[in-house]
Amino acid sequence: MELTVWTYEGPPHMGALRVAASMQDVHLVLHSPQGDTYADLLFTMIERDNKRPPVTYTTFQARDLGGSTADRFLNSLQSAWEHHKPNVMLVADSCTAELLQDQPGTLAQGAGLPIPVVSVELSAYSRKENWGASETFYQLVRTMLSGVDVPDREAVASRRPRVNLLGPTKLGFRCRDDVREVAALLDALGVDVNVVAPLGAAAADLKRIPEADANICLCPEVANLVCSWLERNYGMKTLRTVPIGIGATLRFIDELCDALNIDAKRAEQLSSRLPWYSQSVDSTYLTGKRVFIFGDATHAAAAAKIAKFELGFDVVGLGTYSRELARDVRAVAKEMGLEALITDNHMEVERAVMELQPELVLGTQMERHIAKRLGIACTVISTPAHVQDFPARYSPQMGFEGANVIFDSWIHPLMMGLEEHLLRMFREDFEFNDAAVPSHLAEENAVSLASGTDRVTKDNVVALPGLAWDPKAEKELRKIPFFVRGKARRNTEAFALERGLTAIDVETLYDAKAHYSR
Amino acid sequence: MTGASLIASSQQTPFNLQREQGQRAVFCGLTSIIWLHRKIQDAFFLVVGSRTCAHLLQSSAGVMIFAEPRFGTAVLGERDLAGLADCNEELDRVVAELLDRRPDIKTVFLVGSCPSEVIKLDLDNASKRLTRDFQGSTRFVAYSGSGIETTFTQGEDGCLLSALEGLPVSESASPDLLIVGTLPDIVEDQFQRLFDEMGASRVEFFPGRDSQSRPNIGPNTKILLAQPYLGDTLRKLVSMGGTALSAPYPLGVEGSRCWFEAAASALGISPTKVAEVLAAPMKRGEAALSRYREELAGLRLVMLPDSQLEIPIARFLARECGMLPQEIGTPYFDADTMSGELPLLPEGVAWYEGQDLDEGLDRVRALKPDLTVCGMGIANPLEAEGLTTKWSIELLFSPVQGFEQAADLAELFARPLRRRAKLEVGLWN
Chain A
767 MELTVWTYEG PPHMGALRVA ASMQDVHLVL HSPQGDTYAD LLFTMIERDN KRPPVTYTTF
827 QARDLGGSTA DRFLNSLQSA WEHHKPNVML VADSCTAELL QDQPGTLAQG AGLPIPVVSV
887 ELSAYSRKEN WGASETFYQL VRTMLSGVDV PDREAVASRR PRVNLLGPTK LGFRCRDDVR
947 EVAALLDALG VDVNVVAPLG AAAADLKRIP EADANICLCP EVANLVCSWL ERNYGMKTLR
1007 TVPIGIGATL RFIDELCDAL NIDAKRAEQL SSRLPWYSQS VDSTYLTGKR VFIFGDATHA
1067 AAAAKIAKFE LGFDVVGLGT YSRELARDVR AVAKEMGLEA LITDNHMEVE RAVMELQPEL
1127 VLGTQMERHI AKRLGIACTV ISTPAHVQDF PARYSPQMGF EGANVIFDSW IHPLMMGLEE
1187 HLLRMFREDF EFNDAAVPSH LAEENAVSLA SGTDRVTKDN VVALPGLAWD PKAEKELRKI
1247 PFFVRGKARR NTEAFALERG LTAIDVETLY DAKAHYSR
Chain B
49 MTGASLIASS QQTPFNLQRE QGQRAVFCGL TSIIWLHRKI QDAFFLVVGS RTCAHLLQSS
109 AGVMIFAEPR FGTAVLGERD LAGLADCNEE LDRVVAELLD RRPDIKTVFL VGSCPSEVIK
169 LDLDNASKRL TRDFQGSTRF VAYSGSGIET TFTQGEDGCL LSALEGLPVS ESASPDLLIV
229 GTLPDIVEDQ FQRLFDEMGA SRVEFFPGRD SQSRPNIGPN TKILLAQPYL GDTLRKLVSM
289 GGTALSAPYP LGVEGSRCWF EAAASALGIS PTKVAEVLAA PMKRGEAALS RYREELAGLR
349 LVMLPDSQLE IPIARFLARE CGMLPQEIGT PYFDADTMSG ELPLLPEGVA WYEGQDLDEG
409 LDRVRALKPD LTVCGMGIAN PLEAEGLTTK WSIELLFSPV QGFEQAADLA ELFARPLRRR
469 AKLEVGLWN
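Chains A and B supply the protein sequences, listed in that same order. Under my numbering, think of the first position of the first sequence as 767, with each following residue one higher. Under my numbering, think of the first position of the second sequence as 49, with each following residue one higher.
Misleading hints may appear alongside valid ones.
With a straight-line cut-off of 20 Å between C-alpha atoms, the simulated EDC-like cross-links for lysine to aspartate or glutamate are [unchecked claim]: (1) A:Lys-1003 to A:Glu-1034; (2) A:Lys-1238 to A:Asp-1277; (3) A:Lys-1245 to A:Glu-1264; (4) A:Lys-851 to B:Glu-459; (5) A:Lys-817 to B:Glu-126; (6) A:Lys-851 to B:Asp-258; (7) A:Lys-851 to B:Asp-404; (8) A:Lys-817 to B:Asp-140; (9) A:Lys-817 to B:Asp-404; (10) A:Lys-817 to B:Glu-433.
Just so you know, these hints were derived from the structure itself, not from any lab. These figures come from a predicted structure and were not determined experimentally.
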């Protein structure tokens, strides 16, 4: 039993549902009690899907528990078939149904549907959402490929090489745009996309997977298992570099060209603005910004490399909730002299952020909340994400355009370089401080803002228990630009507490500044 | 659920209820924790359940994580189910961890879930044991919010019922009138002022704003529901000696007037006094509503089952806004809580209890109503098909009861229609 206030991953049947909802003609019958239907709203409200996910919940109730839950499952299966006429039926238990042991897989096999029925065992009490997606995708691919032979690959010379993009799903981070970006990149290299799955695929498309020359494991959390199985059973190569960031995209191109015997020169015409933007003088202020990174393994590991090598940040913390892929993140952390934080407890992540005091947090929706509470800049780089991270505009993370998007979306929350400079230079200026009103608004706001009370009192020093701020120190603290004032206050108080001081004077403030300055 | 009717209904309009069985698209009772924990500010709601329960709460509660929420889930793991860990010991450990972080918590509700019910984890006993262990510093109360037993708002019924457990019948300190059901604070304050003006001083609200204030029920206490989903709590209060009042719910000006009149009449307040006190708020409410009547009159309405508020809201939209309800669904029908509504219901409506989602959606498509009120998961798909929708969870989270909020309630339904009329972006593609 584990106390949980918030979870990074949903239950494994959410993963199964993500796979079903990503495909065109797969329907899931989920043996589940009333209430599990909340899953609909993640698709229709967060991703703004324009149709219900393809799922029928059996919604059994207490009165069914006496023995009719199995009948209820069969009725739901029949009604789902008649109503939705899918080409493949998935069946699975949610957590409660797993306890009933109705064995929906066996029941469904006996129901005589004229389509393939794929049963997935989801282990709700030990597994989680991404594992459920991975397992479901694997079972679907295995079922659809049963009886499909290894194709004859001799004909490659006579056509463009082709690959499969495996792993993108609904509710994945920017999957929709990443598929488009990677497909365009491949096209520029003279490579065709054979099958994209699960996202957008029809069940029959899965039968064509072996016709490709290689598989690109675009979302390892979902597709690792399938890719390894295809390697073993169909002799298909897996390209495992996920092209997030300039370095990774170039490695991805190398790997691809190697595997498919493509002339890498074709890639030379492609470019991204990230390298120049990062080298331009305005970006000098990014140097050594302390950044904390947490997310799924793929996005967190990629972000760490971009942060360090492409933007010149200092990665002060790196972690993931993806235990299945923790090894990859541990390796990247080790290269950076860090120990990876592997946890699915957001309170541990919050403690780490508080201790490390980063200037930028790259994380999930939860880290956005944590950073907001602590007054730290933040960008979301991984699921779980909220509705604003399914933007209307094209905004991939992968490939060269993805690198552009990353540059913009990570940098904007930080104070722009020149702006920061100016603020520092003019911080004593009477109308250039946090309490001053923009001059074009001064007239109409004269009354309410004349005293400047709101924002000044908000910053008033309320010391921790057992600590008092000397009025002079307090006055000095106000001279510090407002966007770093909170941090200066926290640092000073932590410094004073560590030394057992009960009062903070101007000396303490500057001792602390010297202590924390790098 | 229904049993013998508590209240003899004097007048019955034709009310033909069709029962449907099949796939349901309603939340489970756990979801009511989202408003209960805001109302009862010194209580923590600890769900004993699965990862699904935790995921449901965070998905439906959205941004509430900004504050440290006063709800959480003790997630059962494989070890608990395989009997390798003693669930009671594990629960004690989780509770100790929780109260270590939140020593300010006065009451912990142990909330049963589908998995805890299926494995027959006895949370009643656990709550008694924990109350003993914490020696009065924290009280533990158990109830079930499981989806196999409760729908959405019914979770509040279970919660309030559990809070009444072991409460003695009070002879002396009992109020004359007990208002039952969570109301937003602003509505509660308005109602309190109106009762004060009528001279009814001994009026209490249940639940109170903290878990310490439990209601006193005496033989003279009149019980008036402010929310329709509290049948079991009502029956319990009656068994404790209270007298149930029958009234429509305080939604809309007419509903609020009838509701106050029922209360006042039971308290022996003269109709003249009531009319005098209600005159100003009624006038304001009617004036504010008149604009919406123009917008909504003659429009066809379908409500899918969700919150149990469907019947009173359909009554309000029909009688006070002139809408034409075609089909109204409700998760379950409880005659004890609906007796005050039945005489006011419009005719020519197909009333449904229960749900068969796919069939229901097909009927909506065939009816093509001007407005469909439905759960959050279904709203966007219906919009994409060209139907205008209002998602119903807002009815639980917004102040909509009483005279001053009558127009706000109408606005919830008028806004999606107005929006669709405004937009010139073409149809969904």
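Verification of the hints:
| no. | hint | result |
| --- | --- | --- |
| 1 | A:Lys-1003 to A:Glu-1034 | violated (25 Å) |
| 2 | A:Lys-1238 to A:Asp-1277 | holds (15 Å) |
| 3 | A:Lys-1245 to A:Glu-1264 | violated (24 Å) |
| 4 | A:Lys-851 to B:Glu-459 | violated (40 Å) |
| 5 | A:Lys-817 to B:Glu-126 | violated (35 Å) |
| 6 | A:Lys-851 to B:Asp-258 | violated (52 Å) |
| 7 | A:Lys-851 to B:Asp-404 | holds (18 Å) |
| 8 | A:Lys-817 to B:Asp-140 | violated (44 Å) |
| 9 | A:Lys-817 to B:Asp-404 | holds (18 Å) |
| 10 | A:Lys-817 to B:Glu-433 | holds (9 Å) |
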